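Q: Take a look at the letters that make up each chain.
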Amino acid sequence: SAVISQKPSRDICQRGTSLTIQCQVDSQVTMMFWYRQQPGQSLTLIATANQGSEATYESGFVIDKFPISRPNLTFSTLTVSNMSPEDSSIYLCSVVKEGTEAFFGQGTRLTVV
Amino acid sequence: AQSVTQPDIHITVSEGASLELRCNYSYGATPYLFWYVQSPGQGLQLLLKYFSGDTLVQGIKGFEAEFKRSQSSFNLRKPSVHWSDAAEYFCAVALDSNYQLIWGAGTKLIIKP
Numbered sequence: 001s002a003v004i005s006q007k008p009s010r011d012i013c014q015r016g017t018s019l020t021i022q023c024q025v026d027s028q029v030t031m032m033f034w035y036r037q038q039p040g041q042s043l044t045l046i047a048t049a050n051q052g053s054e055a056t057y058e059s060g061f062v063i064d065k066f067p068i069s070r071p072n073l074t075f076s077t078l079t080v081s082n083m084s085p086e087d088s089s090i091y092l093c094s095v096v097k098e099g100t101e102a103f104f105g106q107g108t109r110l111t112v113v
Numbered sequence: 001a002q003s004v005t006q007p008d009i010h011i012t013v014s015e016g017a018s019l020e021l022r023c024n025y026s027y028g029a030t031p032y033l034f035w036y037v038q039s040p041g042q043g044l045q046l047l048l049k050y051f052s053g054d055t056l057v058q059g060i061k062g063f064e065a066e067f068k069r070s071q072s073s074f075n076l077r078k079p080s081v082h083w084s085d086a087a088e089y090f091c092a093v094a095l096d097s098n099y100q101l102i103w104g105a106g107t108k109l110i111i112k113p
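Protein sequences appear in the order of chains A and B.
By the numbering used here, the letter at position 74 of the first sequence is numbered 74, and the numbering carries on one by one without gaps.
By the numbering used here, the letter at position 101 of the second sequence is numbered 101, and the numbering carries on one by one without gaps.
Everything labelled a hint here was simulated from the structure, so no lab data went into it.
Fair warning: there could be bad hints in the mix.
Here are the simulated DSS-like pairs of lysine-lysine, each with C-alpha atoms no more than 27 Å apart in a straight line [unchecked claim]:
(1) B:61 to A:97
(2) B:68 to B:108
(3) B:112 to B:61
(4) B:49 to A:97
(5) B:49 to B:108
(6) B:49 to B:61
Partner residues aside, some chain A positions facing chain B, computed with beta carbon under 10 Å [said to hold, decoys possible]:
(7) 30
(8) 31
(9) 92
(10) 94
(11) 96
(12) 102
(13) 104
Since this is a predicted model, take the numbers as computed values, not measurements.
Glycine residues also receive a C-beta, built at the ideal position from the N, C-alpha and C atoms.
Produce the complete structure using the sequences and hints provided.
A: Shown next as structure tokens:
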């Protein structure tokens, strides 16, 4: 299994500001992903965090808005930049370890006011 | 494009009654199939998964799911629900072992006493 620590668990932010979310795993993992879950909706993949290189973004998500870092095999950050109320969502970190299954952090509940 | 359909937004069942949650996917080949549960304030927990082999898979908490290739379906079942099963249930697929998940819209399960 994999134990994921995601911080912060929740935050209320002013529009126009940025928030960086951290995802720390207790062991090395092969894949790390970031998802968004908008209120009352399902999950949407934002990007794959690649170790030592630029993240791979899904359609509709861009690096300028959601810069991602992954400096090593156990840690990644997602920044939500220049926030607007439409960015209010739960952001989830997901990891895959040795092709077993996908594990999820508890999520970061973001409210933009 | 690949998609996952959960046709029931809400389902209400009485405690002790049987349950079936529907899931259909659209993809040319057989993807990896998953059911996750998300309880209020909790993270996502994997209930079960199907990769290949026996089309009836057993999961945690007394859940099972049956893969039917001819119907492109992966329905989740439980013979007798408990009040603690009240949660949101998500069907998801992955096209390969990278586990980039495509999610259904979710089904909210409500248990009547």
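Q: The structure should be examined with respect to each hint, and the outcome stated for every one.
A: Do the hints match the structure? See the list:
1. For the given pair, residue 61 of chain B sits about 23 Å from residue 97 of chain A by alpha-carbon distance, which is consistent with the 27 Å threshold.
2. For a cut-off of 27 Å, the pair hint linking residue 68 of chain B to residue 108 of chain B stands: about 23 Å separates their Cα positions.
3. For a cut-off of 27 Å, the pair hint linking residue 112 of chain B to residue 61 of chain B stands: about 19 Å separates their Cα positions.
4. Taken as a hint, the residue 49 of chain B and residue 97 of chain A pair is honoured in the structure, with Cα atoms around 15 Å apart against an allowance of 27 Å.
5. For the hint pairing residue 49 of chain B with residue 108 of chain B, the CA-to-CA distance comes to about 20 Å; that is within 27 Å, so the pair holds.
6. Proposed proximity of residue 49 of chain B and residue 61 of chain B is supported: the alpha carbons are some 14 Å apart, at most 27 Å.
7. The criterion of a C-beta within 10 Å of any C-beta in chain B is met by residue 30 of chain A, whose closest approach is roughly 8 Å, and the hint holds.
8. Here the hint on residue 31 of chain A is kept, as its CB sits about 6 Å from the closest CB of chain B, short of 10 Å.
9. Hint status for residue 92 of chain A: holds, given a least beta-carbon distance of 7 Å to chain B, under 10 Å.
10. Look at residue 94 of chain A: its Cβ gets to within about 8 Å of chain B, closer than 10 Å, so that hint holds up.
11. A hinted interface residue such as residue 96 of chain A counts as satisfied when its beta carbon comes closer than 10 Å to some beta carbon of chain B; here the least separation is about 4 Å, so the hint holds.
12. Restraint check, residue 102 of chain A versus chain B: the minimum CB separation of about 4 Å is within 10 Å; hint holds.
13. The beta carbon of residue 104 of chain A comes within 4 Å of a beta carbon in chain B, closer than 10 Å, and the hint placing it at the interface holds.
Taken one by one, the earlier hints all hold for this structure without exception.
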